[in-house]
Amino acid sequence: MKSPTKFMLKFSVHTGSLLKTNDVMHWIYISFIALVMDWNAKTLCHFKNAAYLDIGEDMNVPDDFTQSELQTGKWWRHLLAGGIAGAVSRTCTAPLDRLKVFLQVNPTRENMGGCLAKMINEGGISGLWRGNGINVIKIAPESALKFAAYEQVKRLIKGDKRANHPLEIHERFVAGAMAGAMAQTVIYPLEVLKTRLALRKTGQYSGILDAARKIYLREGLKCFYKGYIPNILGIVPYAGIDLAVYETLKKKYISKYQAHNEQPGMLLLLACGSASCTLGQVCSYPLALVRTRLQAQEKAAHGAESTMRGAFREIVQREGLRGLYRGITPNFIKVIPAVSISYVVYEYASRSLGVNMT
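Letter 11 of the sequence shown, counting from 1, is numbered 11 in the UniProt record's numbering, and no numbers are missing.
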């Protein structure tokens, strides 16, 4: 097998030629390659997948921080750097995210290009970023809530006898899923607002607060939890598969390179993280689709299904099983740029905050 360094050099020659027409993406790419060349097995063991890689999903299991990081307060710097990286990454890939939501809610036969043109005609280029503001705003409270809940659940699982021992993978999954469910329960109204703002027409709302006020007056408080059940259920397959696949790939990767006394490249590790996130998305996507459709329902129109089971039945009857994966293509497209951008920004942000990845 080729060494990671040779692989990355070959990859850089090929990919660099594809990116040379775009100065911003080329800078991100060059920064990314320069940073990943300086990784080793020790750093790999401390890699924080959830903080470093943001693909716009909020169902992943939180990272484990060392006792030293918790005692010295470095944990909040890692979270802050992750929040900054997530904000930049989500903003850069927001048009793809809005396109996904548009395709999920509108069962049109048009292709992605046609839907993109329709969105631009209705709201202009800036309209492609509708809903991004609240998507960025919710990063901070959700990360903080998830971290706090995760640490508390970990303590309950460990007890006094295992206080200084790390959790097993299945225990991390349970703790992460519970923490994710707790955080989602608190911030879920922001998820509904994000969907409504992403789908709004020009002039419908003047901002986030105006949207929240009008939606509340028209539909009541209950509407802010539409789609809550499929959202919570989606955490289980996403978090479980993401964690299991990532940890399995990482362990095999570490053992292989430590056995041959080689320096592992960061590129393959990022690929492992991307692959695990993507597989998690594929398995939980039907639930995410139903969640978005329920969130988008202003009022249950005549014949429209307002329950999770009814929404599933309606989609399958009208669109077939393929309908459960409407909009997943933009999700796949945004994985690579989202991962690259969030990693590069995280590295620079963490250095500015005085923390490193080692």
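Bear in mind the hints are in silico, worked out from the structure with no lab data behind them.
Here the structure is a predicted model, which is why all the values come from computation and not from measurement.
Beta carbons: idealized from backbone N, C-alpha and C, even for Gly.
Among these hints, one or two may not hold up.
[Unchecked claim] Okay, derived cross-link-like pairs now, BS3-like style, lysine-lysine, Cα gap no bigger than 25 Å in a straight line:
#, residue 1, residue 2
1, 118, 201
2, 252, 138
3, 158, 74
4, 201, 214
5, 250, 138
6, 250, 74
7, 222, 201
8, 158, 251
9, 158, 214
10, 158, 118
11, 138, 74
[Stated by the list, open to error] Label pairs and their calculated CB-CB ranges:
#, residue 1, residue 2, range
12, 307, 214, 22 to 28 Å
13, 298, 352, 41 to 47 Å
14, 159, 114, 24 to 30 Å
15, 255, 317, 47 to 53 Å
16, 110, 76, 27 to 33 Å
17, 321, 133, 33 to 39 Å
18, 321, 71, 36 to 42 Å
19, 108, 133, 24 to 30 Å
20, 202, 336, 27 to 33 Å
21, 353, 169, 37 to 43 Å
22, 141, 207, 17 to 23 Å
23, 351, 166, 25 to 31 Å
The hints, checked one at a time:
Between residue 118 and residue 201, the direct Cα distance comes to roughly 12 Å. Compliance with the 25 Å bound is thereby established for this hinted pair. Annotation: proposed proximity of residue 252 to residue 138 is violated, straight-line Cα distance about 35 Å (limit 25 Å). The suggested pairing of residue 158 with residue 74 holds, with an alpha-carbon distance near 23 Å, which does not exceed 25 Å. Restraint check for residue 201 and residue 214: satisfied, since their Cα atoms lie roughly 14 Å apart, inside the 25 Å limit.
With a CA separation close to 29 Å, the supplied pair residue 250 and residue 138 exceeds the 25 Å bound. With a CA separation close to 24 Å, the supplied pair residue 250 and residue 74 stays within the 25 Å bound. Restraint check for residue 222 and residue 201: satisfied, since their Cα atoms lie roughly 23 Å apart, inside the 25 Å limit. Under the criterion of a C-alpha separation no larger than 25 Å, the hint pairing residue 158 with residue 251 is consistent with the structure, at around 23 Å.
Between the alpha carbons of residue 158 and residue 214 the distance comes to roughly 46 Å, so the proposed pair goes past 25 Å and is violated. For the hint linking residue 158 to residue 118, the alpha-carbon distance of about 53 Å lies beyond 25 Å, and the restraint is violated. Straight-line distance between C-alpha atoms of residue 138 and residue 74 comes to about 22 Å, which keeps the hinted pair within the 25 Å bound. Evaluation of the 22 to 28 Å hint for residue 307 and residue 214 yields a pass: the beta carbon distance comes to about 25 Å.
Between residue 298 and residue 352 the C-beta distance comes to about 43 Å, which sits within the given range of 41 to 47 Å. The supplied range of 24 to 30 Å is broken by residue 159 and residue 114, whose beta-carbon atoms lie about 57 Å from each other. At roughly 48 Å, the beta carbons of residue 255 and residue 317 sit within the given window of 47 to 53 Å. Evaluation of the 27 to 33 Å hint for residue 110 and residue 76 yields a failure: the beta carbon distance comes to about 45 Å.
Under the hint 33 to 39 Å, the C-beta atoms of residue 321 and residue 133, about 35 Å apart, fit the expected range. Distance hint for residue 321 and residue 71: a CB-CB separation of about 51 Å, inconsistent with the stated range 36 to 42 Å. With their beta carbons about 26 Å apart, residue 108 and residue 133 fall inside the hinted range of 24 to 30 Å. Distance hint for residue 202 and residue 336: a CB-CB separation of about 31 Å, consistent with the stated range 27 to 33 Å.
Between residue 353 and residue 169 the C-beta distance comes to about 29 Å, which lies outside the given range of 37 to 43 Å. Take residue 141 and residue 207: their Cβ atoms lie about 18 Å apart, and the range 17 to 23 Å holds. Taken as a hint, the range 25 to 31 Å holds for the pair residue 351 and residue 166, whose Cβ atoms sit roughly 27 Å apart.
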